[in-house]
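If you're matching them up, the sequences are chains A and B in order. Quick note on my numbering: the first sequence kicks off at 3 and runs consecutively. Quick note on my numbering: the second sequence kicks off at 967 and runs consecutively.
Source of the hints: derived by calculation from the structure; they are not laboratory data. It is possible that part of the hints are untrue.
Below, computed lysine to any residue pairings styled on SDA-like, alpha-carbon distance capped at 20 Å [to be verified]:
no.	chain 1	residue 1	chain 2	residue 2
1	A	Lys-235	B	Phe-1077
2	A	Lys-235	B	Thr-1052
3	A	Lys-8	B	Lys-1089
4	B	Lys-1087	A	Asp-7
5	B	Lys-1120	A	Gln-239
6	A	Lys-321	A	Ile-360
7	B	Lys-973	B	Ser-1009
8	A	Lys-9	B	Leu-1082
9	B	Lys-1087	A	Gln-378
10	B	Lys-1089	A	Phe-4
11	A	Lys-235	B	Ala-1114
12	A	Lys-235	B	Leu-1079
13	B	Lys-1072	A	Ser-225
14	B	Lys-1089	A	Asp-7
15	A	Lys-235	B	Ser-1009
16	B	Lys-993	B	Met-1044
17	B	Lys-1094	B	Glu-1063
18	A	Lys-9	B	His-1109
19	A	Lys-8	B	Lys-1087
20	A	Lys-235	B	Ala-1081
21	B	Lys-1072	A	Lys-9
22	B	Lys-1120	A	Arg-232
23	A	Lys-235	B	Asn-1080
24	B	Lys-1018	B	Arg-978
25	B	Lys-1018	A	Arg-249
26	B	Lys-1087	A	Tyr-217
27	B	Lys-1094	B	His-1109
28	B	Lys-1120	B	Asp-1106
29	A	Lys-9	A	Ser-385
30	A	Lys-235	B	His-1109
31	A	Lys-8	B	Val-1085
Rough simulated footprint, nothing fancy, chain B against chain A, three-plus residues with beta-carbon under 8 Å [what the hints assert, rightly or not]:
no.	stretch
32	30 to 40
33	50 to 63
34	236 to 245
Glycine included, C-beta positions come from ideal geometry on N, C-alpha and C.
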Amino acid sequence: MFGLDKKDTSMLIIVACLTLFAPFILNPFPTDSAMAQFNAGYPDLMQRFVIFGIFAIGFNILFGLTGYLSFGHAAFLGAGSYSAVWMFKLVGMNVIPAILLSVIVAGLFALLIGFVSLRRSGIYFSILTLAFAQMSFNLAYSVLTPITNGETGLQLTLDDPRILGVSATADGSIPVTSLFGLEMRSTFEMAIGPWAFQFNVGYYLCALILLAAFYLSIRIFRSPFGMMLRAVKSNQQRMNYTGLNTRPYTLAAFVISGMYAGLAGGLMASMDPLAGAERMQWTASGEVVLMTILGGAGTLIGPVLGAGFIKYFENIFSKINDNVLHSWFSFMPDGMEDALVFIVHPFIGKGWHLTLGILFMLVVIFLPGGLVEGGQRIKGWLSRRKAKDSNTSGETNPAE
Amino acid sequence: MGILEVKNVGKRFGGLQALSEVNLSVKENSVHAIIGPNGAGKSTLLNCLVGKLIPDTGSVMFDGKSVLGRAPYEINQMGISRVFQTPEIFGDLTVLENMMIPCFAKRDGAFELNALSAVLKQKDILQKAEHMLEEMNMADKRHMHAAAMSRGDKRRLEIGMCLSQEPRLLLLDEPTAGMARADTNNTIDLLKQISDERDITIAIIEHDMHVVFSLANRITVLAQGTPLVEDDPQNIRGNPKVREAYLGESA
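Extracted from the complex, chain A is given alone in its bound form (with noise of 0.2 Å):
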């Protein structure tokens, strides 16, 4: 189906059904139980699942497939926001504009980072990039204030002109996101019992692009481009004397890549239309790294669930504080209460980047390929276990 072979239309459908039913699945309890904080099936929350899992799909694409580990992708996300809050300013607050707008910079800034960094290779590739995304994130800080606003960050204001729209509404407030007059803010509250499911227009935009973009990604490994990416991570030398340049398939993929980032921020941009510079910070570049690897480099689905751990682990963690321990301990003694109380402390609240560093590093260790080869070895072991059922229950299978 769609041009794609079995396996990977059914990985496609598979991620259809969880982006579509997000909502339902990340609020597994009911509101007023003890475990709602658990829930994650809140616009804000989901919105970043999906925008997070665009950018590291895009970022996977470069370091998955060609190896070039980029330590500046955050720029390219940050270039995009201000292009999509810049187009919310002066031409309406239609978010395909500015979402197209915030696309074609970043591919336009990726091209010209990707053409000067592309001339080395590893750590120095690296540093490269991260030294252009500082050099970003400083100008946006500084220099260029008059187009980012500084430190502020880019905001919407009741003067800007927005010549297809208005410049505020009636009742003199600024008007909000919208694509074609249905506003990416408004939800749709379902309530089930004890449930209440939130369907976001915001969220289902981003979902649908998350599945176009998710689409493209699989296109791009299955195509003879994504094979010579491959080709170009597993060896350069052999590539040359095989005839091929490898300058402009490592500068294509550099350029998609930042795209991908680009439409990220856009797409932020669109659900909360403000921009600043830390967004271009080297901790955001990291970021995507981070959830690259964890979820698994080089596999299809790998970026998106590390994007979504991540998110999660940042969100939610870090909203557990000492009352809530408290609360959950409360049936033991006292004592022991506040030294349990005393051990967890530091993993959360604010320090949840303290469990996310330990995860990360069980993960690289125990895993190299990330969570998709955790979850291919459960597979792996359920196969041997049911092999072995079937063995013993007296049918022969010949040793492979």
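Using the hints provided, position chain B relative to the given structure of chain A.
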């Protein structure tokens, strides 16, 4: 006039004159061996032919066109394929994919942004790659990771990859270095078969005299960066100058 004409090539690395006044003419459809003791400049010469190094002086003409100043991939597209001393293959890819890449390079040139069509839909490429695998006797290994194969198989694959580009000149850099005797003999047979069945010129750098004398029909002896003799194998064997410079030590 040979297919490859090297004239007056010189190359200096700092204080070392690696090559000086090298003249070499490789005739079309011959098997030309370049031999010489360690440090004679064989590898430097080879690197000058494929664009890895640019000689300080002289000219290298392939099929009437100069190769100097061109990038390795451009020289390859002109019709020169190179087999390395340690097999250079795409270790992370399957054997079939390894074989498909040169087929793509032959069909689409140095760069083609073919990002939306599926590899498996490229029937002509698949067919060609499968055919070449069969010819190399490795069809049963097509789904293996190339890195997992034995040294001899890797060498076979590399030669097959070069051949699937239908080059006019095949350069081999010590193709049997570090191989067991049986693998060496297999490689000799393979190369013999290639030169008999195909419209191809082979230039080979080799240490192993057994390989050289069972394959070559023309031999150039390099010593200290400059050609000592160029002659037919039977004359090389008896040449006292060669014996003194090279064979004398081992024969």
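Hints the structure fails to honour: 9, 15, 21, 32, 33
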